[in-house]
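**Q** Chain by chain, the residues run as shown.
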Amino acid sequence: MTAANAPSEPRPAVQLRDVRFAYGRETVLHGVDLEVPRGSFAAVIGPNGGGKSTLLKLVVGELSPSSGEVRLLGEAPGRSCRRVGYLPQNDHLDPEFPITVAEVVGHGRLSGGWRLGGLGRRDREIVRRSLEDVGCADLADRSYRALSGGQQRRVLIARALATEPEMLALDEPAAGLDPTSQHELYDLLSSLAERLTVLVVSHHVNLVSSHVDLVVCVHDGHLHLPSTEEIAPELEDFFPDTRSMVLVRHEHHDCPAPEHRHD
Amino acid sequence: MTDFTSALGSLPFLRHALAAGLVTAIAAGVVGSLVVTRRMASAAGGLAHAVLGGVGLAYWLAQAQGVAWAHPLHGAVVVGVGCALLLAWVEARRHERADTAIAALWAVGMAAGVLFLARTPGYRSDLMGYLLGNVLLVDPATLRWLIGLDAVVVLVVWLFREPIIATSFDPEFARLRGVNVDLWSGIVLVLVALTVVSLVYVVGIVMVIALLTLPAAAAGHLTRRVGAMMLVAVVVCAVASTGGLVLSWHWDLPTGAVTVIVAAAIYLLARVGSGLWHRRRPAGSA
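Those protein sequence lines, which keep their order, are chains A and B. Here numbering that gives the first Met the number 0 is used: the first residue of the first sequence is 0, the next is one more, and so on. Here numbering that gives the first Met the number 0 is used: the first residue of the second sequence is 0, the next is one more, and so on.
FYI, nobody ran anything at the bench for these hints, they're computed from the structure. All residues carry an ideal CB built from backbone N, CA and C; glycine is no exception. It is possible that some hints are incorrect.
Here are some of the chain B residues that sit facing chain A, going by a computed Cβ distance under 8 Å [unchecked claim]:
1. Ala40
2. Ala63
3. Gly65
4. Gly81
5. Leu84
6. Arg96
7. Glu161
8. Pro162
9. Phe168
10. Glu171
11. Arg176
12. Asn179
13. Thr222
14. Arg223
15. Met228
16. His249
Cβ-Cβ distance ranges computed for the label pairs, FRET-style [unchecked claim]:
17. A/Arg123 with B/Val271: 52 to 62 Å
18. B/Ala67 with A/Pro94: 46 to 56 Å
19. A/Gly117 with B/Val151: 13 to 23 Å
Produce the complete structure using the sequences and hints provided.
**A** What follows is the structure, given as structure tokens:
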């Protein structure tokens, strides 16, 4: 299936055509087609192990598809990935690494060249502004490892913003946070989505559905857009505990506002 | 202590030993901090042991083949850097098991060193010095080499601290920013190899890993930035090497072993002190 594309934008932020991907002999994604319009706040949802993170890694160019085509901001991901602020899953970071918040955000100013020494004045200004954007300006000199989980996630989003991106791609940004912090984080992402394309991967259906304007469901390597009433039973299969599930239905094809239904 | 200071004035080799300990402390503190934060202690251990192959090769060339310019330090540098590059290549090929490669380098390097030495005529009294360390054997020429190695290591880390720290903290993110993570991993491995070679003269092959980890680990408990961690680790390493030299002189004990024990004692103090400090302060103020 293909998501709606805004008529004024000839090239969507993300475009996948018949994308397949396999880890060795295990096929993870089977012929995925997807378009994410520029300026939208989109979420890829689905159960753990369903292929969501793989999809995001294909989008940002960290993985290459076995077949099919991936376009990111109108180009091959290898060319355009530096225009995307990527937030990988948090669990690969060393929680004891001695580094300050400003240093972490400063890594967003890195490029592939052989730049000598530390950050320049403009870089430091961008770091300061990025921390302000996520409400963490007062944490700049604090130790990253001493922050709460929610603060750490905001700092990593600031690092992504410091790349001066056209799009944010975030893998499970709210994982491991308490419910209040999760909602605060998605409120922040909603505000950032007013000026950037935002694509998140999450398994929190309730959480994303109250914030995003496009939901893509990946399960068992297949992609579904729960944009109609008929998709609801399918989603219920993916998430057995459907009593509190919120589904997002789209009435229009041009990046519509979310509509909620509580089962 | 007065014995030691008076001996320092009259015995040049003691002054060389003190200088060697202080010089190598700089590289050990700087690179040790990278070893600890990048969790590459096993790679450092593998490189340290592989260096014996270079030492043995240089002895064999000099003694059995008549290659006069072959010096154990040269052999150690060549084999250490070669093994670092090999390890970097294996790590870059992600389907290879790096831990297996480290174990192989560790064992094969030692075996090669033993074989070369077995074929080298004559008894080398300073062989045990390379294995267990004898900083008292450092001569002025070796000291100049150690200063050169240190200068290279510290200069590279200082100039390229941003990509080195960024690839240590989050290589996945750095790669997507266009940073060549494999290249920087290789450069760090070469820096580790050069530091290992200089430390061999202070504590010996067997105990190199202690000076690459204990001072940096102690510093990690006391600091919140890699840069500060490096500075504190240099101080800890300098205190350990100087303390080890003084105490071993006083009690007539092997200097390398005493240096490692002093470093371990400082690590324990830092660990306990940091625990007590954080218990008294509110969370988040580290």
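**Q** Indicate, hint by hint, whether the structure satisfies it.
**A** Quick rundown of the hints versus the structure:
1. Ala40: violated, 14 Å
2. Ala63: violated, 43 Å
3. Gly65: violated, 43 Å
4. Gly81: violated, 24 Å
5. Leu84: Violated - the Cβ of leucine 84 of chain B stays beyond 8 Å from chain A, reaching only about 19 Å at its closest.
6. Arg96: violated, 16 Å
7. Glu161: holds, 6 Å
8. Pro162: Because about 6 Å separates proline 162 of chain B from the closest Cβ in chain A, which is inside the 8 Å limit, the hint holds.
9. Phe168: Status holds, d = 5 Å.
10. Glu171: Holds - the Cβ of glutamate 171 of chain B comes within 8 Å of chain A, reaching about 5 Å at its closest.
11. Arg176: holds, 5 Å
12. Asn179: Where the cut-off is 8 Å and the nearest Cβ of chain A is about 7 Å from asparagine 179 of chain B, the hint holds.
13. Thr222: holds, 6 Å
14. Arg223: Given a least distance of 4 Å, the restraint on arginine 223 of chain B holds.
15. Met228: holds, 5 Å
16. His249: violated, 35 Å
17. A/Arg123 with B/Val271: 52 to 62 Å: violated, 37 Å
18. B/Ala67 with A/Pro94: 46 to 56 Å: holds, 54 Å
19. A/Gly117 with B/Val151: 13 to 23 Å: The hint (13 to 23 Å, Cβ to Cβ) holds, given that glycine 117 of chain A and valine 151 of chain B are roughly 20 Å apart.
Hints 1, 2, 3, 4, 5, 6, 16 and 17 from the list above are not met by this structure, while the remaining hints are.
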